[in-house]
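Asker: Starting from the given sequences, assemble the full structure and let the hints guide the process.
4 protein chains.
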Amino acid sequence: MAIKVGVIGCGYWGPNIIRNFSELDATQLYYVCDLNKAALDKISMSYPSAKITQNYQDLLADDQVDAIAVITPVDYHYQIAKKALQAGKHVLIEKPMAGSVAEAEELVQLADQQSKVLMVDHTFEYAQPINAIKKIIDSGEIGDIYYIRAEWLNLGLLQPDVNVIWDLATHIFSIVSYVSGMNPISLKANADAYVRKDIPEVAHVNVAYPNGITAYMTVSWLEPKKTRRLTIIGSQKTLIYDLINVEEPIKIYDKGIDLTDISGDIHQLRVNYRYGDVLSPNIKNIEPLREMCSHFAACIDQDKIPVSDGRSGLNVVRMLDATEQSLNNNGLEISLE
Amino acid sequence: MAIKVGVIGCGYWGPNIIRNFSELDATQLYYVCDLNKAALDKISMSYPSAKITQNYQDLLADDQVDAIAVITPVDYHYQIAKKALQAGKHVLIEKPMAGSVAEAEELVQLADQQSKVLMVDHTFEYAQPINAIKKIIDSGEIGDIYYIRAEWLNLGLLQPDVNVIWDLATHIFSIVSYVSGMNPISLKANADAYVRKDIPEVAHVNVAYPNGITAYMTVSWLEPKKTRRLTIIGSQKTLIYDLINVEEPIKIYDKGIDLTDISGDIHQLRVNYRYGDVLSPNIKNIEPLREMCSHFAACIDQDKIPVSDGRSGLNVVRMLDATEQSLNNNGLEISLE
Amino acid sequence: MAIKVGVIGCGYWGPNIIRNFSELDATQLYYVCDLNKAALDKISMSYPSAKITQNYQDLLADDQVDAIAVITPVDYHYQIAKKALQAGKHVLIEKPMAGSVAEAEELVQLADQQSKVLMVDHTFEYAQPINAIKKIIDSGEIGDIYYIRAEWLNLGLLQPDVNVIWDLATHIFSIVSYVSGMNPISLKANADAYVRKDIPEVAHVNVAYPNGITAYMTVSWLEPKKTRRLTIIGSQKTLIYDLINVEEPIKIYDKGIDLTDISGDIHQLRVNYRYGDVLSPNIKNIEPLREMCSHFAACIDQDKIPVSDGRSGLNVVRMLDATEQSLNNNGLEISLE
Amino acid sequence: MAIKVGVIGCGYWGPNIIRNFSELDATQLYYVCDLNKAALDKISMSYPSAKITQNYQDLLADDQVDAIAVITPVDYHYQIAKKALQAGKHVLIEKPMAGSVAEAEELVQLADQQSKVLMVDHTFEYAQPINAIKKIIDSGEIGDIYYIRAEWLNLGLLQPDVNVIWDLATHIFSIVSYVSGMNPISLKANADAYVRKDIPEVAHVNVAYPNGITAYMTVSWLEPKKTRRLTIIGSQKTLIYDLINVEEPIKIYDKGIDLTDISGDIHQLRVNYRYGDVLSPNIKNIEPLREMCSHFAACIDQDKIPVSDGRSGLNVVRMLDATEQSLNNNGLEISLE
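Chains as they are written, first to last, in the numbering used here: chain A, 1473 to 1809; chain B, 1473 to 1809; chain C, 1473 to 1809; chain D, 1473 to 1809.
Keep in mind the hints are simulated off the structure, nothing from the lab. One thing to keep in mind: the hints can contain errors.
Capping the alpha-carbon separation at 25 Å, the derived lysine to any residue pairs in SDA-like fashion look like this [what the hints assert, rightly or not]:
#1 A:Lys1756 <-> C:Glu1719
#2 D:Lys1756 <-> D:Asp1497
#3 C:Lys1669 <-> D:Gly1684
#4 D:Lys1514 <-> B:Pro1760
#5 A:Lys1514 <-> C:Arg1491
#6 D:Lys1523 <-> D:Val1573
#7 C:Lys1698 <-> D:Tyr1747
#8 D:Lys1669 <-> C:Arg1746
#9 B:Lys1756 <-> D:Lys1698
#10 D:Lys1514 <-> B:Met1473
#11 C:Lys1698 <-> D:Tyr1745
#12 D:Lys1669 <-> C:Ile1758
#13 D:Lys1727 <-> D:Arg1700
#14 D:Lys1606 <-> D:Tyr1747
#15 A:Lys1697 <-> B:Met1473
#16 A:Lys1727 <-> D:Glu1759
#17 C:Lys1606 <-> C:Arg1783
#18 B:Lys1697 <-> A:Ile1608
#19 D:Lys1523 <-> B:Ser1518
#20 B:Lys1756 <-> D:Lys1697
#21 D:Lys1514 <-> B:Ser1518
#22 B:Lys1776 <-> B:Tyr1484
#23 D:Lys1697 <-> B:Pro1601
#24 B:Lys1776 <-> B:Gln1797
#25 C:Lys1727 <-> B:Asn1757
#26 C:Lys1669 <-> D:Arg1700
#27 A:Lys1727 <-> B:Arg1700
#28 D:Lys1756 <-> B:Tyr1484
#29 D:Lys1698 <-> D:Asn1626
#30 A:Lys1607 <-> D:Asp1726
#31 A:Lys1514 <-> C:Ile1758
#32 C:Lys1509 <-> A:Lys1697
The calculated label-pair distances, taken between Cβ atoms and stated as ranges, are [what the hints assert, rightly or not]:
#33 D:Pro1520 <-> B:Met1473: 18 to 24 Å
#34 A:Gln1529 <-> C:Glu1719: 44 to 50 Å
#35 D:Glu1719 <-> B:Asn1744: 34 to 40 Å
Computed from a predicted structure; not experimentally measured. Backbone N, C-alpha and C define an ideal beta-carbon position, used for all residues, glycine too.
Answerer: Written out as structure tokens, the structure is:
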């Protein structure tokens, strides 16, 4: 039987979640909540069979509701998710999971106690290209990772209370941890505001991973050329992911540098350059959000731990929190362990 | 009458300089020096009318020689340029001008005393696209500069004694100062080595300029996709220079963010997004090195100060020196004033 | 009051039409028909307020229905559209309008007699980039058109009973006539089949327009790199439309050739090349189908002649018919006047 | 011992040939001829050891000269090459080999009689990407060739006495025959003039090859976006060569259409689409002209038949001649057998 889902929040992202829960066989769009009556009415037009309310407590009180999707502004995530777990519902939360580490930790603990699925909508972890990249890395094809560069740039949308790191770097934090399978050790952040002066619009975050691997991240709200690029430099090959290049989003460069120790003296190492082919693997075109919603249902149904579970969401919140600390201390390196 | 030029150094870059001084009407390739006999012989085959020697003192002692081009490894720049100036020659030095600030300062002073032209081969300052960018900025078309991003990336060539900053960032230092007309205030650098472990192969340098402008620079020797990109975000427009895009190297995006103060309260500022055309101005195809060599001759002939004069070269050496200090102090901000 | 629309055909394209008529304020999705019960049920799930039937006569008999959209295979267009017009309905037909010139002519005549709106879904005529191109041509910016090249290439979808010209060239026929404002004089076609041997998969059509203007068209079902490109060479500038380039779909090259008559002798004409900027005008992102459906409603409401009216649809059918004649006569030039 | 080469013609292309013969070890630039004294003097400045003359008969009379390169306008090819062969010289001729089939045939015959190397400068046949393409086709990787499309487009240079086919299609004729290893059966051509009205500036040539293979060729002098593109559609894969894409000039698309005969009835064939990777093979960067000149020397030295020998040059002249016949007969199909 289909899992009955209640969605709280019909703003910018909510309708996409609603559409997918409505279209999937495994789920039923059962209840929708928003404070905004007009938004609610619009949803009701398209999905007349769904119940609606302006009071989210109604969803928690409804025994028919199996699962709650919290798609509100981040400030409300903790409070709603907590009550939903307490009410015995499975919970999906829009990213980032919570506004503070303490809140995120409490939700993880609570989900464990309640034996409920707690999942965060890190949509990219369900995207075909990202999973293709994970497989390529896991296969050893690119060798050891040397370093990673990520650029997430676009024009706006400037947000009133959250800086560009919370908006854009959240994606990269989730992606890099996911594809590399590594936990970050520490990070440094710096950020600048140019238009509004008070809320950072451009930021650089350098995240240290084990084995000397570094991920250099650049995010900006001020760039007219939209960019979503991930460069993974390996000892054997380099992989570049460019989301904007629809035809060839992933390219694997069989080019690199080999060192030959010709005398035992490091200063005598011979540097060789390898120049090989460029391969762009075929990537299926499946909507990541569909995969994410489907995975949520499957985890509930089969009592599985989601790929982007509460702990994964907590890790991202820890990184966001660390960027705040670093920004407040002039780029100080903040430990994540 | 043509200026008689002596070129010291026929290695990687020397032959390009030699070809241009040979082809220009305003100059005569009069003397060529290199320690390597084979390299010298090869030059002699192509330019049989040029005198050759393995001893650079011969050029300094020859009264016929008007000007000396020092195209040797950086370690020899100071010593040779100093003697050349003392011998009353005009001097062109390959970038970077010298291995230390003190050396560069001494050369500037000496050139002033000798009333000789001292010029540094910051080739990009003579490139058509860079000069087009300078004009666009000077015209006010892009408005106030908010920030600049620059990426200079390629696979190798790993150098035995110089890190990637000295190799690649030198270009960006010279370009950014030139097109913006600004002097840097301070910088921070961090760098990592992955292949050889001892000499940095990837680096990030953040340079602070007046009015809160920052230039974020990334350089790497480990990237198979060659990149030479400069992004200049202005209050009105954004300019992106992509040297690898031969057809449209410069693009001006008439897109940006406007703030409207609707109430006197900064938190009530209304954010508007402008979406306009993209313009790629026509750029003439002239070899920058030809322009550079020609400018050197014109400065000698007309007793002018070169665009990339000794002071300009000194500024770049100061920045390189500051990156060393910053790297040795875990990314500390180093003043340049 | 909203126009009540009945849609006949829920196959590949129908759901897009249905969605738009459902979402627009000016129209109401009132009735949907398809022979396939499963397809009909799926529509009913999403649009529970719409009536459904497997018999299209039901729509024609329903007095509430103001307008009929015929989104069936081309073989049924004529029959259904004829009955709908006779029943006093306004009619929108999927492209191409009909399977023969005679049928298309009869529909045009009938719509005139009935004083009903007859419109063909030449979607591209409602696309923002195509309308931008029309404005640019009309403004005289590119000068006189010399010639036009169009390439519409992709992998499949091979169709069982229609060749690649009917599938892909239909779009180009409509676009070129629309943006140029010209009527074709004659055409030649040749075509080849490689995979299935019997139904052409690759074709070239050369269409002659007044003033010596030619449009050279290439269409193929066998090319893995999807291409939608229109090159319009003018006496002053050249415009290239590349639908696949989402960021810069239109580029205007201010480059060309000028002739200067320096002696009155044509063989003494001096050829000058102009090299100027490349401009990519900003194009708004509006769904063309939305515009098309909205225009259909406006024409009904205000008793206007649609941009892609029956005559425009007839002209495209005439061109398709002429390609058949040309193919059957080894590429013979077929008059369209 | 180095082969002593005499070059006749120092215009647009000559200096490139001269440079290569001068730089190669296997050849010696021995003699240079041009009617234009200024051009000759300029060559003499750069290559002072080469003899010069304004009378090409001097080269033929000089016993030291082993080989002659005829780099003049096409009208002089036959006359000079004939005399050179008669004088016992090996001959390299700039493309196209001659102005008529009869002349080309006579030169082939004469070279046979004299047992001298006769080679045509079809430079592309010595380019790394073209040879990579030939190897890929020969390996069977792309399966059977279905058809080929070629576009050679640019702005000018309008020539006074030769049409765009002689200028640009010559390259494609040589390339397609070379990479496919096939001889053309027939061709059709049509062409138009827009700027000068008398000499065709845009042309389409369809060349029929064995096994139903067709090569569709488009050439133009009126297009501001320079294009050099070859699309080879095979039963297994498709190869696209784009000379302007310096980073990835060749792409092999593992995408295509499979037919499965499910019932013995051709109308019941099931169409399957394969979507696979895109591979861009690594191509070494070697100057094609260097390879060509080197190959000429090797053929002389080892008494080998050149890749682009006289017969190959004759075939191209036959195709050019056939385009003239076709143009004069309104696109009539002209046999090449």
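Asker: Against each hint, give a clear statement of whether it holds in the structure.
Answerer: Hints and how they fare:
no., hint, verdict
1, A:Lys1756 <-> C:Glu1719, "22 Å, holds"
2, D:Lys1756 <-> D:Asp1497, "21 Å, holds"
3, C:Lys1669 <-> D:Gly1684, "11 Å, holds"
4, D:Lys1514 <-> B:Pro1760, "23 Å, holds"
5, A:Lys1514 <-> C:Arg1491, "14 Å, holds"
6, D:Lys1523 <-> D:Val1573, "34 Å, violated"
7, C:Lys1698 <-> D:Tyr1747, "13 Å, holds"
8, D:Lys1669 <-> C:Arg1746, "19 Å, holds"
9, B:Lys1756 <-> D:Lys1698, "16 Å, holds"
10, D:Lys1514 <-> B:Met1473, "19 Å, holds"
11, C:Lys1698 <-> D:Tyr1745, "14 Å, holds"
12, D:Lys1669 <-> C:Ile1758, "42 Å, violated"
13, D:Lys1727 <-> D:Arg1700, "22 Å, holds"
14, D:Lys1606 <-> D:Tyr1747, "24 Å, holds"
15, A:Lys1697 <-> B:Met1473, "51 Å, violated"
16, A:Lys1727 <-> D:Glu1759, "22 Å, holds"
17, C:Lys1606 <-> C:Arg1783, "19 Å, holds"
18, B:Lys1697 <-> A:Ile1608, "19 Å, holds"
19, D:Lys1523 <-> B:Ser1518, "16 Å, holds"
20, B:Lys1756 <-> D:Lys1697, "16 Å, holds"
21, D:Lys1514 <-> B:Ser1518, "14 Å, holds"
22, B:Lys1776 <-> B:Tyr1484, "29 Å, violated"
23, D:Lys1697 <-> B:Pro1601, "19 Å, holds"
24, B:Lys1776 <-> B:Gln1797, "34 Å, violated"
25, C:Lys1727 <-> B:Asn1757, "15 Å, holds"
26, C:Lys1669 <-> D:Arg1700, "30 Å, violated"
27, A:Lys1727 <-> B:Arg1700, "18 Å, holds"
28, D:Lys1756 <-> B:Tyr1484, "20 Å, holds"
29, D:Lys1698 <-> D:Asn1626, "4 Å, holds"
30, A:Lys1607 <-> D:Asp1726, "20 Å, holds"
31, A:Lys1514 <-> C:Ile1758, "20 Å, holds"
32, C:Lys1509 <-> A:Lys1697, "46 Å, violated"
33, D:Pro1520 <-> B:Met1473: 18 to 24 Å, "21 Å, holds"
34, A:Gln1529 <-> C:Glu1719: 44 to 50 Å, "46 Å, holds"
35, D:Glu1719 <-> B:Asn1744: 34 to 40 Å, "38 Å, holds"
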